[in-house]
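Colleague: Sequence:
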Amino acid sequence: MPRKRVFCADWQLGCRGEPFAVGDEVTWALVPYGAQDRRSGVGHGAEARVENHGGPDERSAGRVRAIELVQRDHTPHPAAPEPGLVPRPAGCRLDPVAGSVTMESADTCPRWFEETTPGAADGPVRIRRTVGVLVTLDITGSARRAR
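Read in order, the letters of the sequence shown correspond to residues 857 to 1003 in my numbering.
Any given hint could turn out to be false.
The list that follows gives simulated cross-link-like pairs (lysine to any residue, SDA-like), each with its CA atoms no further than 20 Å apart [to be verified]:
(1) Lys-860 / Arg-915
(2) Lys-860 / Pro-912
(3) Lys-860 / Thr-996
Label-pair restraints from in silico Cβ distances [what the hints assert, rightly or not]:
(4) Val-953 / Arg-919: 30 to 36 Å
(5) Arg-967 / Ala-917: 19 to 25 Å
(6) Arg-859 / Val-898: 19 to 25 Å
I should point out that these hints are in silico values taken from the structure, not numbers from a laboratory.
On a predicted model such as this, the values are computed, not experimentally measured, just so you know.
For every residue, glycine included, the Cβ atom is placed at its ideal position computed from N, Cα and C.
Working from the sequences, and respecting the hints, build out all of it.
Modeller: So, in structure tokens, the structure goes:
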């Protein structure tokens, strides 16, 4: 049975996703990452991403073998939001900190992700956000999306 690593962004789960756990059977629309995406680190090492908004009609069924929460530090800046950056309710944006991505194993995937503010002894304040999950999936089949 083929095994695939897939990335599901936090907003995909928060909008239309359903929480899942290791051992669960899931059915997702998967969009493969291109070679350039993988080389530049998009998807955090995944071969494909979950697409809950449209996406391909073909859906992949599989059993969840492992879940890793993908966490990244961000620095807040008071300014108007820019494309690609996370707008903050207080009127600031978050800039990703290069090289700050970490993975944390989990047995379940939450529907909503938290953020923390780890103390910064010297330097700018940082916000640690869980930006999605990296899932190891044993592919068991495929199906067409119901219309």
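Colleague: Work down the list of hints and note, for each, if the structure agrees.
Modeller: Hint-by-hint comparison with the structure:
| no. | hint | result |
| --- | --- | --- |
| 1 | Lys-860 / Arg-915 | 14 Å, holds |
| 2 | Lys-860 / Pro-912 | 17 Å, holds |
| 3 | Lys-860 / Thr-996 | 11 Å, holds |
| 4 | Val-953 / Arg-919: 30 to 36 Å | 34 Å, holds |
| 5 | Arg-967 / Ala-917: 19 to 25 Å | 21 Å, holds |
| 6 | Arg-859 / Val-898: 19 to 25 Å | 20 Å, holds |
Comparing the model with each numbered hint stated earlier shows that all of them hold.
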